[in-house]
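2 protein chains.
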Amino acid sequence: VSTRAGIVVTGTEVLTGRVSDRNGPWLADRLRELGVDLAFTAIVADRPGDMAAALRFMAEEGMDIVLTSGGLGPTADDLTAEVVGSFQKREMVLDDALVDRITEIVKPLMTRWPNLDVEAIHVGTRKQATIPAGATVLEPVGTAPGLVVGPPTEGGGPTVIVLPGPPRELQPMWAHAVQSGALRSALKDATEYRQRMLRLFGIPESEIAETLRVAEREGVRLEDLEITTCLKRGEVEVVTRYEPGADRAYEAFVKVVKERHSDTLFSEDGSTVDEQVAALLRGEASAAGASREPGLAGEPDAALTPHPARSIATAESCTGGMLVARLTELAGSSEYVNGGIVAYSNEVKVSQAGVDPRLIERHGAVSGEVAESLADGASSRLDADVGVGVTGVAGPGGGSAEKPVGLVWLSVATPDGGHLTRSVNLPGGRADVRDRATTVAMHLIRRALVGS
Amino acid sequence: VSTRAGIVVTGTEVLTGRVSDRNGPWLADRLRELGVDLAFTAIVADRPGDMAAALRFMAEEGMDIVLTSGGLGPTADDLTAEVVGSFQKREMVLDDALVDRITEIVKPLMTRWPNLDVEAIHVGTRKQATIPAGATVLEPVGTAPGLVVGPPTEGGGPTVIVLPGPPRELQPMWAHAVQSGALRSALKDATEYRQRMLRLFGIPESEIAETLRVAEREGVRLEDLEITTCLKRGEVEVVTRYEPGADRAYEAFVKVVKERHSDTLFSEDGSTVDEQVAALLRGEASAAGASREPGLAGEPDAALTPHPARSIATAESCTGGMLVARLTELAGSSEYVNGGIVAYSNEVKVSQAGVDPRLIERHGAVSGEVAESLADGASSRLDADVGVGVTGVAGPGGGSAEKPVGLVWLSVATPDGGHLTRSVNLPGGRADVRDRATTVAMHLIRRALVGS
Chain B
288 VSTRAGIVVT GTEVLTGRVS DRNGPWLADR LRELGVDLAF TAIVADRPGD MAAALRFMAE
348 EGMDIVLTSG GLGPTADDLT AEVVGSFQKR EMVLDDALVD RITEIVKPLM TRWPNLDVEA
408 IHVGTRKQAT IPAGATVLEP VGTAPGLVVG PPTEGGGPTV IVLPGPPREL QPMWAHAVQS
468 GALRSALKDA TEYRQRMLRL FGIPESEIAE TLRVAEREGV RLEDLEITTC LKRGEVEVVT
528 RYEPGADRAY EAFVKVVKER HSDTLFSEDG STVDEQVAAL LRGEASAAGA SREPGLAGEP
588 DAALTPHPAR SIATAESCTG GMLVARLTEL AGSSEYVNGG IVAYSNEVKV SQAGVDPRLI
648 ERHGAVSGEV AESLADGASS RLDADVGVGV TGVAGPGGGS AEKPVGLVWL SVATPDGGHL
708 TRSVNLPGGR ADVRDRATTV AMHLIRRALV GS
Chain H
288 VSTRAGIVVT GTEVLTGRVS DRNGPWLADR LRELGVDLAF TAIVADRPGD MAAALRFMAE
348 EGMDIVLTSG GLGPTADDLT AEVVGSFQKR EMVLDDALVD RITEIVKPLM TRWPNLDVEA
408 IHVGTRKQAT IPAGATVLEP VGTAPGLVVG PPTEGGGPTV IVLPGPPREL QPMWAHAVQS
468 GALRSALKDA TEYRQRMLRL FGIPESEIAE TLRVAEREGV RLEDLEITTC LKRGEVEVVT
528 RYEPGADRAY EAFVKVVKER HSDTLFSEDG STVDEQVAAL LRGEASAAGA SREPGLAGEP
588 DAALTPHPAR SIATAESCTG GMLVARLTEL AGSSEYVNGG IVAYSNEVKV SQAGVDPRLI
648 ERHGAVSGEV AESLADGASS RLDADVGVGV TGVAGPGGGS AEKPVGLVWL SVATPDGGHL
708 TRSVNLPGGR ADVRDRATTV AMHLIRRALV GS
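Sequences listed follow chains B and H, in order. Heads up, this note's numbering is the position in the first sequence plus 287, with the first residue counted as 1. Heads up, this note's numbering is the position in the second sequence plus 287, with the first residue counted as 1.
Mixed in with the good hints there might be a few duds.
Which copy? The list can't say, so a pair holds if one copy fits it or any two copies do.
[What the hints assert, rightly or not] Listed below are the simulated SDA-like cross-link pairs for lysine to any residue, each with C-alpha atoms no more than 20 Å apart in a straight line:
1) 690 x 621
2) 545 x 459
3) 690 x 708
4) 542 x 492
5) 376 x 465
6) 519 x 312
7) 394 x 489
8) 519 x 313
9) 542 x 500
10) 414 x 501
11) 376 x 421
12) 519 x 309
13) 542 x 555
Rather than coming from a laboratory, the hints here were simulated on the basis of the structure.
Please build the complete structure, drawing on both the sequences and the hints.
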């Protein structure tokens with residue numbers, strides 16, 4: 288029997304969608320590392336009755352631990368500590384030492400915002416230091432302390448771990464929680480799980496469903512594997528979770544996937560295309576994930592041959608900077624990203640990216656010719672080894688019968704003077720088209736770098 | 288008694304955080320428009336037992352309707368229709384006419400992916416056309432039909448609206464569901480609510496808590512208003528929900544906020560800074576949200592005087608294209624965004640944005656001087672009325688005692704030759720610093736445009 292956990296995310300602003308929840312997914316990853324099985328995430332408003340109902344549900348469904356996030360702030364609508372205290376049948380008590388520690392923390396804030404209302408701060412501090420009797424305090428990262436609150440009697444229900452809402456407070460605090468004795472005892476029955484991920488690009492999800500049926504027919508013990516597939520920004524992710532004894536079943540399953548999808552499988556180790564592109568640009572070819580180049584099945588193992596380090600620059604139209612923003616997301620990207628040009632108007636395409644205006648006149652701004660010229664302009668103007676050009680119709684306006692919304696041309700100029708140029712017709716609205724085009728560009732860069 | 292609703296989001300990939308849930312927040316907005324009170328969102332794995340438990344919870348807590356999203360795909364792990372059928376005590380039946388309609392829909396797919404396994408498609412189609420007896424079918428937008436499944440007996444529990452997972456299928460389908468008789472009768476008791484939003488920039492959330500106490504002391508009937516505050520990317524959002532009779536209480540509350548926060552309140556109508564910047568660049572000053580310019584309390588109502596249309600261009604370093612990507616998010620932005628330069632390396636700052644290398648040498652790349660020079664370079668090189676420069680230390684490396692991680696300099700060059708230049712010290716990791724710096728830049732652009 289594995290340890291089961293539930294997450295209760297509190298906050299009307301999360302429930303109503305004004306803030307997206309980053310804590311649930313992050314905590315889900317941490318629980319998995321600990322071998323804990325996440326069964327439910329509930330999002331509830333800042334209403335004590337609804338919060339209490341969610342906690343009762345988690346207890347009734349047999350959760351061993353419940354994590355809460357949010358509702359620890361200094362304002363009156365932050366009620367989590369009180370609701371959890373009542374759920375665990377504990378009185379609320381003021382922790383004087385905690386008042387002093389929080390007071391120390393907020394001091395610099397009071398110099399930073401000189402017009403702050405001092406009385407408001409004191410009221411908030413006392414509220415944050417009022418905790419269920421007997422709870423273990425997790426030291427504040429921001430101003431809010433976290434809590435580990437055990438059940439009223441041993442074995443009488445889940446241990447509740449109360450964490451703050453802001454991710455940059457919650458994440459460091461989690462390390463403390465894991466080390467605390469109270470949490471360790473709740474986790475004592477956790478069994479180890481393995482989780483592995485395959486990533487494929489450019490096929491529909493139904494193909495994977497068929498591959499599962501093929502694997503079953505070929506005798507792969509799928510009953511020992513918990514396989515889920517999902518389509519995410521045009522990539523199919525196949526995640527498999529299993530107990531250590533099922534290693535061989537997983538290997539047999541991967542073998543079937545490789546046989547059927549050698550041309551679209553790009554990652555066997557969970558690495559993202561972003562990580563693979565970064566590794567290729569750094570010249571770290573061995574970190575490039577897939578063991579061979581999609582599309583070149585049977586050829587020598589291209590990804591394992593050494594690659595030189597390369598610098599990169601972009602010239603984007605429809606993606607409006609999203610590609611260079613994505614390339615610079617990873618720490619250390621300044622080592623290989625020189626920069627980019629966002630050529631939204633045709634004038635900027637000509638003046639900044641050096642596109643010949645006659646090309647635009649003859650073929651239109653959305654064309655393979657202009658995409659290649661943008662790629663060349665990016666590499667020459669920004670003095671980079673590799674240039675990338677993207678031009679398309681993001682919509683909702685600007686489409687025509689010949690060039691509909693969703694048509695995007697992409698080109699990668701490689702150091703040997705060649706181009707890898709493609710067009711795609713992307714579904715969805717403006718945000719989808721821009722987002723998908725950025726992903727397609729990442730895969731085109733990867734393919735060009737593996738091949739160059 | 289208002290109509291209460293719950294949302295059950297299914298999918299192991301959502302629960303484990305590999306896909307972020309966009310449906311819950313979107314459905315929350317739609318429910319609010321209908322006067323329906325969303326009480327809970329539950330995220331569950333693709334396990335029938337857990338899904339059934341979430342449905343039972345919603346029924347026990349007295350939900351009148353439950354919306355589900357996801358789990359309608361063609362693969363074997365998509366179980367929602369079956370679980371909902373069993374929950375409503377209905378047999379599963381194959382709808383032959385629906386098989387034919389889905390077959391028509393997937394035909395084009397089969398020409399697009401010529402190597403597709405035809406048998407896999409047929410199996411999936413029959414699975415998707417097997418539905419609970421008596422359910423109302425919502426016509427597929429993708430390949431999956433939605434369902435409206437009533438309780439086994441009148442008043443015997445919630446009506447369940449079964450919707451597909453992909454947002455671009457779910458959203459158009461919702462319109463059908465609202466029109467269907469089955470959903471209308473479940474909604475018959477809905478009472479109208481109003482919801483209004485104030486947005487402030489540049490103060491801590493605790494200040495709003497104090498403002499609530501002040502309003503209470505001044506006799507504002509806060510008990511008639513459901514007020515929630517949250518800090519979102521550096522902006523404080525104050526959302527108030529109330530029944531129509533409480534209009535005057537809301538107006539009295541807004542008056543207190545305006546008195547105390549005239550310098551930081553930038554939106555009284557829920558408009559975002561993005562929308563305000565777009566309106567100002569288009570020359571639609573009246574759409575600019577706040578009734579006066581923060582920081583200029585007592586002066587004539589600047590936002591209501593007409594403004595000329597302006598074009599804009601950016602030169603970014605640490606934000607790596609996120610600012611120009613954000614400026615081009617809105618449809619029609621090509622009318623006023625000329626483009627941008629992402630000057631990640633110093634060489635590109637000099638060659639593309641025209642920054643004097645001696646400025647970099649003397650003051651460092653992260654300095655007010657270089658931010659102003661980037662702003663000037665953006666406007667002159669890209670021939671725009673307004674130029675924006677951003678340069679900072681996004682981290683995790685590159686910080687020093689004098690210029691720590693989080694230090695960002697921003698400058699807006701206005702058509703009169705002036706600059707609005709600021710530095711900020713932003714908390715958090717690399718992603719936080721880049722994201723916050725982008726928001727600060729949006730507010731600086733707004734301020735410069737209102738003042739120019």
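Verification of the hints:
1. In this assembly of identical chains, the alpha carbons of residue 690 and residue 621 lie at most 20 Å apart only when taken from different copies (17 Å versus 36 Å within one copy).
2. Proximity of residue 545 to residue 459 under the C-alpha cut-off of 20 Å is found in neither arrangement, the shortest distances being 39 Å within a copy and 37 Å between copies.
3. When the C-alpha separation of residue 690 and residue 708 is checked against a cutoff of 20 Å, the pair qualifies only within one copy, where the shortest distance is 17 Å, while the shortest distance between copies is 42 Å.
4. Taking the shortest alpha-carbon separations for residue 542 and residue 492, only the intra-copy value of 18 Å comes in at or below 20 Å, while the best inter-copy value is 54 Å.
5. In this assembly of identical chains, residue 376 and residue 465 lie within 20 Å of each other by CA distance neither inside one copy nor across copies; the values are 24 Å within and 43 Å between.
6. In this assembly of identical chains, residue 519 and residue 312 lie within 20 Å of each other by CA distance both inside one copy and across copies; the values are 15 Å within and 18 Å between.
7. Taking the shortest alpha-carbon separations for residue 394 and residue 489, only the inter-copy value of 18 Å comes in at or below 20 Å, while the best intra-copy value is 54 Å.
8. For a Cα distance limit of 20 Å, the shortest separation of residue 519 from residue 313 qualifies both inside one copy, at 17 Å, and across copies, at 18 Å.
9. Taking identical chains as interchangeable, the C-alpha atoms of residue 542 and residue 500 lie at most 20 Å apart only when both belong to the same chain, with a minimum of 14 Å there against 65 Å between chains.
10. Taking the shortest Cα distances, residue 414 and residue 501 sit within 20 Å of each other only across copies (18 Å), while inside one copy they are farther apart (60 Å).
11. Taking the shortest alpha-carbon separations for residue 376 and residue 421, only the intra-copy value of 11 Å comes in at or below 20 Å, while the best inter-copy value is 46 Å.
12. Both within a single protomer and between protomers do residue 519 and residue 309 lie at most 20 Å apart by alpha-carbon distance, with minima of 17 Å and 12 Å respectively.
13. Proximity of residue 542 to residue 555 under the C-alpha cut-off of 20 Å is restricted to the intra-copy arrangement: shortest distance 11 Å within a copy versus 59 Å between copies.
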